[in-house]
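Relying on the hints, combine the two individually framed chains into one complex.
For the record, the sequence lines run as chains A and B.
Quick note, in this note's numbering, the first sequence goes up one by one and the last residue is 336.
Quick note, in this note's numbering, the second sequence goes up one by one and the last residue is 876.
Keep in mind the hints are simulated off the structure, nothing from the lab.
Ideal Cβ positions, reconstructed from N, Cα and C, are used throughout, including at glycine.
Treat the hints with care, since some could be wrong.
Sample of chain B residues at the chain A side, in silico, Cβ under 8 Å [unchecked claim]: (1) Gln698; (2) Asp867; (3) Thr870.
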Amino acid sequence: MATPTAERSAAPTHVDEPRQAGHVVQLDGSSLVRVGARPRLLDYVQRLWAFRHFIIYDSHSKVQTANSNDAMGRVWMVVNPILSGLAYFLVFGLLLDLSRGISNFIGYLIIGVFMFRYTTSAVSSGASSMVSNQSVVQAFNFPRASLPFAINVRELFANVPMLIVMALLVITIGDIPLADTPPTPVSVDWLWLFIFPVLALNFLLSTGLGMLLARAVSAYTDVKHMISFGMRIWFYTSAVFFTVDRFAGSPGGEYIEFVMYHNPMFCVLDIIRSTWLYGEMADPYRWVVLTVSSVSIFIIGFLVFWHGEEKYGRER
Amino acid sequence: MSTPVRNYTPRRVNWRSSGAPATEAPAPTATGELDILEDEQLFEEISWAEEDSAPVVERLDSSDIAVAVDHASMIYRIRSSTEYLNSTGRFSRQLRRITGSGWANVPALQDLSFVVRQGESVGVIGTNGSGKSTLMKLLTGKIRPTTGEIYATSTPIMLGVNAALVKQLSGRENIKLGCLAMGLTPKEAAEKYDMVVELSGLEDSLNLPLKSYSSGMASRLQFAIATAVDPDILIIDEALNTGDAQFRARTKRRLDEVRQQAGCVFLVSHSLGTIKQMCSRVLWIEQGRLLADGDPEWVTQQYQEYTEHKSQNRMRSAQIVYERTLMQLDQVQVEFDSGTRPKRAG
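Next up, chain B with everything else stripped away, as it sits in the complex (with noise of 0.2 Å):
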């Protein structure tokens, strides 16, 4: 690979790094421009041998499968009131704008395709606005994908400080509904109550309603609510950055007997150290399209690299480094056998 960037300082003193908007991508210095020559020669190579490969076929046995997405692909359409500007037509724009109304489609994911196997623990990165939540909700059943299709032997679970709580309930009658909404019964309800309690931390204001909570206490109530379950497969998006220090530690030890008795986990988090200190495998969700898909170490290692380039403005190289990623993706395709491919609900 390239040099590391982190290393690189650029020999323009005035070059600032996080300044002036640049109306061209910047000019290449020196440096820059070697470095993207090299590049450049790589993105090339790769590309011919790829050309040259055979599809591989592999065969996988049905019990040692967790979750398999099928092409899946999401555009959220959505109702929006300045949707008369895109509209090309003179007389449907103008009628767009008097009624306000249209449809805005918002493409969130492109179509990919990836197996996951019992037993693995999936880091899931990218930058904001990428397209992480919206496979997160795929893989939840929440929405449907626009296209194609995600089978699992079981519905993943998300833990996640987005549970929905009622904002006139005390923190305990909250505690009930939550654990009653994940399909609990109520023994197990109230089974699961002195751990809930126990994680949030939130002893002295059970009582009181959850509208005099702060946002904090608020959401580290919704995440231990969150953790009542046990599921088979889970889905942890950013909680482990909620919470002071003191409920970090709490939420780690729950968290990690959660991912004991889970089958697969999939990890959403911005935070590399934690991708590469849990998860045996990563995937890179960027502009909506699976970047990259395989090795911790590697992964995170290309997507520091991106976002370095983004965050001092060099535009071509960040897009340098997304084709190189992409090059090496082994796209895959999910075939069923005839007849095999599930239809029944789970």
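Same shape as in the complex, but just chain A (with noise of 0.2 Å):
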């Protein structure tokens, strides 16, 4: 007979070994499936695409309540970029007076503060989103990648008003002249339409990013605090607010040079900035590194995501 033990409780004293089972049931298994089973890979993508709706309707809904509690609202959508880059011109371009030899100073700044912004946004919640969804992920069957997608879908719409400011303020200051550099004047024209394959390649680089730091954040949530890091030192070392040709002539500068030409996000700015500041196609390179880098970054995260995709229900 059981002893009542320490906690008083009715548990079973002795935990005693799996009984011989006194019951065998034999059964012809092909009619079933695992459940909670990680599906193929061409069933997962198959899967993905029937819930497109569900992303995009997220991903829509959430734009719409971002800044819902606030009460000037979505006009913070427009206000935020422009604050900070007004800070990163107050800093850099003034105080440290980085705007030395680089022409249309005040453009040059902000399309790497809005583009990066952007990306950084977008990386950030889509490493997170698995942990913050933790709620939605377990009150529901759908295949998991639909949250990274639908979060940069979400940063995505988030950022037509500020894309459309962004234009905006290159056109009207985007050529004042600084100091001793000569302005070259802004103008519109096709060479513009560029940022439609810039943004899609970008929207592939953030969201595989998003998913291969979703995987690792949702396996050990300290990754958090390394990716707003990395991030700013993804920041400060793309060229958003000085040149690479700085370091043209120093020692070591070749190899400088030649890790600025391979980062995907230079190459973003790079595109952007040729064909809206100075009139004039980028430099081929540039998109060969752009294209390959995102493509690849995006199909290993999507890899990597779907093979952890049975874990991101557990409890933590």
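Pasting the structure below:
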């Protein structure tokens, strides 16, 4: 007979080994499926496609309500990047005087800051998509990759006003001359349309990175701290407020240039700046680097994310 | 079995039913002792009978099966900042205390197996914290069991009040979002919309954001959204107990419809009346193990006896009911024909 345990519960005090099964059930399992199993890659893509309405509706509704607690509401979507652009202008343009030798520095800075803000928020919210949507993940059965996708579509929607403001600012104040640099007049022409393929590749890049990091964050939430650090380093090294030419001639300059030219984010900025500010085609090599890196990061991110499909719902 | 405990009144007048927490098990009174002795004999008898029997082999038609649970167990491994208290090494204890991190292992379900056929409605009972919800999470595939696997003809769908909704969105948008998240197409979602609204009874507040809803309203909406699908294998978790009488009547009608269509139903409830009324079979899960699996009348009777002992703080008697019931359990082992163990996803 069992004796009362210390915590006075009626728990089985003897933990007995699994007893010999008294009843063996034989069956043919070919009509059954394993519950919660990860689908094969093609099935998974198909399912994801079937959930496209969910992805679009979810991102659309989240954009609408993103600032619903603020008195100024969606105005913040526009005001936010302007304010941060102003802050960088004050620090780097006026105080540190990094604008030397950059023609159209204001436009240069606006494009860098706006595009980088967009990418940063897309990547970091994509990375925490599994952790911050734990309740949704546990409540419904959907391909988990819908969430990072939805977040990136949401960021794209949310940044449409930002992009329009960016274009307007570049047209109006982009070519105001600063100090000793001769301005290049900005004019709108067909080259501006290159923003669309750049945005598409940027979308692949941020979605791929988001999925890659989402798997890591879901396994170890500690990674989240590293992401904000890494994004900041990336920001400061992507020529947002200086030119790569600065390093020409300095010791080790060619290595720095090599790294810069293979940084997809630098390519994004460089293509937009060439076409918008200086009215010329970007170096074709930028396109090659951007296309190859964003497509491969997207594919790797997707595969890594799919591989962990069964793990996202666990308690933490 | 023993005498029904409901009619049993202790002879000692000062034996309080729910008061002073006894440090030891309550000293058995004359009647109590008799009770226990009786049970003890029973306990012995069954245990002898059990060891002699050889396993019964049964062959099931595979088209007959809805769910097969094969040796599933679950241990949650969660982050805990007080885990250093359990650390034995002096150095590692201090290290964990300073960093405030550590893993806590929470055993939730011990190894269990059972097979449910098509057309069965299975009630699941057990006291709080016994592992019912964990079993349901395993069945729906939200989490993967630590050992063993769950197989089914299609992924079971849980109907509960825990479907996640977005607080800033209006009720209308939440209905659409929830339907899409369950995999309905926009067309199907639009078709189900009126049904969901009618079931939730929230026609007047559909345009308000969800954060303005009372908790009762929100859970009504959640439940109504969850019923928009017609799953093949259905799990209902305590859903019948939410809301006022009016809502409950409406829910019951819809639930009956869904249950008619479903091939197999699991009903998790604390209401033994509902279980007995609706189920053809009952699983009793207690302390993380499958304690009984069988006829609703008999299982609920054992369960009632057990909870009554526990609520009266008669731990030893409760323990005896526990052991006695466990003795009767027909332990099932699932064997697949060679090469047919399912691997693909549903």
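Chain A contact restraint for B/Thr870 - C-beta distance below 8 Å: Hint on B/Thr870: holds, closest Cβ of chain A at ~4 Å, below 8 Å.
Restraint outcome when B/Asp867 is required to lie within 8 Å of chain A by C-beta distance: At about 5 Å, which falls below the 8 Å cut-off, the nearest Cβ of chain A leaves the hint on B/Asp867 intact, so it holds.
Hint validation: B/Gln698 versus chain A, beta carbon distance must be below 8 Å. Holds or violated? 4 Å, holds
Checked against the numbered hints above, the structure violates none of them.
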